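Modelling step: build the complete structure from the supplied sequences, incorporating the hints.
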Amino acid sequence: MGAYSTGSLDSFGRGIINMFRSRKKSAMRAKDRLKLVLIHDRTQLPPGVMESLKEELIQVLSKHVDVDRNAVQIEVAQEGRNQHLIANIPIQPTARKRS
Amino acid sequence: MTGKVITITSGKGGVGKTTATANIGVALAMADKKVVCIDADIGLRNLDVILGLENRIVYDLVDVVEGRCRLRQAMIRDKKNPDLFLIPAAQTRDKTAISPNDMIKVCDELRNEFDFIIVDSPAGIERGFQNAIAPADEVIILTNPEVSAVRDADRIIGLVEAEEKDTPTLIINRINVDMVQRGDMLAAEDVLELLAIRLIGLVPEDEKVIVSSNRGAPVAQSNNSIAGQAFRNIAARLNGDEVPFMSLDHDGGLFNRLSRFIRSGNN
Numbered sequence: 001m002g003a004y005s006t007g008s009l010d011s012f013g014r015g016i017i018n019m020f021r022s023r024k025k026s027a028m029r030a031k032d033r034l035k036l037v038l039i040h041d042r043t044q045l046p047p048g049v050m051e052s053l054k055e056e057l058i059q060v061l062s063k064h065v066d067v068d069r070n071a072v073q074i075e076v077a078q079e080g081r082n083q084h085l086i087a088n089i090p091i092q093p094t095a096r097k098r099s
Numbered sequence: 100m101t102g103k104v105i106t107i108t109s110g111k112g113g114v115g116k117t118t119a120t121a122n123i124g125v126a127l128a129m130a131d132k133k134v135v136c137i138d139a140d141i142g143l144r145n146l147d148v149i150l151g152l153e154n155r156i157v158y159d160l161v162d163v164v165e166g167r168c169r170l171r172q173a174m175i176r177d178k179k180n181p182d183l184f185l186i187p188a189a190q191t192r193d194k195t196a197i198s199p200n201d202m203i204k205v206c207d208e209l210r211n212e213f214d215f216i217i218v219d220s221p222a223g224i225e226r227g228f229q230n231a232i233a234p235a236d237e238v239i240i241l242t243n244p245e246v247s248a249v250r251d252a253d254r255i256i257g258l259v260e261a262e263e264k265d266t267p268t269l270i271i272n273r274i275n276v277d278m279v280q281r282g283d284m285l286a287a288e289d290v291l292e293l294l295a296i297r298l299i300g301l302v303p304e305d306e307k308v309i310v311s312s313n314r315g316a317p318v319a320q321s322n323n324s325i326a327g328q329a330f331r332n333i334a335a336r337l338n339g340d341e342v343p344f345m346s347l348d349h350d351g352g353l354f355n356r357l358s359r360f361i362r363s364g365n366n
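Sequences listed follow chains A and B, in order.
Using the numbering used here, you'd call the opening residue of the first sequence number 1 and step up by one each time.
Using the numbering used here, you'd call the opening residue of the second sequence number 100 and step up by one each time.
Since the hints were derived computationally from the structure, they do not count as laboratory data.
Predicted model, so just to flag it, every value in this text is computed and none were measured.
A portion of the hints provided could be inaccurate.
[Said to hold, decoys possible] Looking from chain B toward chain A, a few residues come up when the C-beta cut is under 8 Å (computed):
1) Val246
2) Val249
3) Arg250
4) Asp253
5) Arg254
6) Gly257
7) Asp283
8) Met284
9) Ala287
10) Asp289
11) Leu291
[Stated by the list, open to error] Which residues of chain A face chain B? A few of them, derived with a C-beta cut under 7 Å, are:
12) Lys25
13) Ala27
14) Leu34
15) Gly80
We put the beta carbon where it would ideally sit given N, CA and C, even for glycine.
Here it is as structure tokens:
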């Protein structure tokens with residue numbers, strides 16, 4: 001580290017901070033965005049359709065069980081080149097059942 | 100001899116299909132294989148200039164298909180590699196001048212004489228792309244580590260699978276190692292994880308690719324080009340050899356990254 005002579009400690013510190021920030025920066029953003037874009041491209045399920053799918057699922061299920069509708073989660077998971085629709089649908093405990 | 104038809108395609112334009120076709124063709128010929136490269140980009144031909152053969156064209160692919168010449172008359176022998184040939188695209192016609200069946204017929208005739216028939220696909224997903232993949236035994240998808248190129252590659256993989264072809268293999272082209280290490284370019288592992296197909300090549304960005312295209316002498320012929328080495332490795336893998344992927348973190352590790360930051364802080 002003999003070459004380190006004229007750089008101030010400030011710029012060194014900033015360098016380290018930038019280094020960790022930049023690792024979270026554009027390449028990670030690209031990957032996260034692509035993950036979602038590819039899921040929608042492959043399944044031909046636009047984000048809006050996922051929302052209405054969720055609503056309709058809740059309606060159907062509510063006929064039979066008391067669904068905790070705020071906690072329902074539906075997402076598409078990727079495994080290799082295959083997509084899975086994963087629904088997590090919590091049921092209200094019977095003791096707390098209203099009406 | 101039963102030659103293998105390999106089509107190189109990408110969806111997005113400008114990712115380096117023609118350069119890859121020329122270099123893989125040259126590298127296979129250097130490995131003593133008989134190779135013919137077909138430019139399937141009717142109306143926008145370029146494989147001839149990348150190979151430096153633009154002044155030798157008399158007949159083209161459309162002339163063959165429309166019966167104005169025999170297949171042999173449209174084959175141009177490379178200047179350096181006697182085992183490498185080019186069948187150029189027509190420049191004054193469009194993609195509808197040939198059909199997927201025409202391509203299958205032409206390639207079947209070539210299989211008897213060549214080890215490898217490499218088809219340079221046009222960009223897009225329309226007729227030209229359909230023509231290019233129709234005769235393929237193996238499809239190679241070329242992409243860059245950029246969102247648009249990766250997205251288009253994914254779409255193309257789906258379309259190739261819909262044609263009941265084997266799952267294509269992947270080349271990631273123009274990897275800028277410094278940008279990857281800065282976290283500003285998708286790493287090869289990221290692209291591979293997203294596309295989830297088998298990798299057959301990693302090609303680092305290299306100025307020598309442009310220098311060699313200026314000269315019409317593909318970079319695979321050059322011994323001091325890292326991209327040239329990458330293309331020779333791809334050719335070897337297509338030949339069935341096990342070649343390890345080149346390590347692209349020339350100065351990896353936290354210590355090296357730290358000292359690079361200190362050095363850049365001095366400027």
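Okay, the hints, checked on the actual structure:
1. Val246: holds (5 Å)
2. Val249: holds (6 Å)
3. Arg250: holds (6 Å)
4. Asp253: Holds, about 5 Å.
5. Arg254: Arg254/B check passes; min Cβ-Cβ to chain A is 6 Å, inside 8 Å.
6. Gly257: It holds, given that the least Cβ distance between Gly257/B and chain A is near 7 Å, below 8 Å.
7. Asp283: holds (5 Å)
8. Met284: Since chain A brings a Cβ to about 6 Å from Met284/B, closer than 8 Å, the hint holds.
9. Ala287: violated (11 Å)
10. Asp289: Since the shortest Cβ distance to chain A is 5 Å, the answer is holds.
11. Leu291: violated (11 Å)
12. Lys25: With a minimum Cβ separation of about 5 Å from chain B (threshold 7 Å), the hint on Lys25/A holds.
13. Ala27: holds (5 Å)
14. Leu34: holds (5 Å)
15. Gly80: Interface hint status for Gly80/A: holds (5 Å vs cutoff 7 Å).
Figure legend: structure checked against the earlier numbered hints; hints not met, in rising order: 9 and 11.
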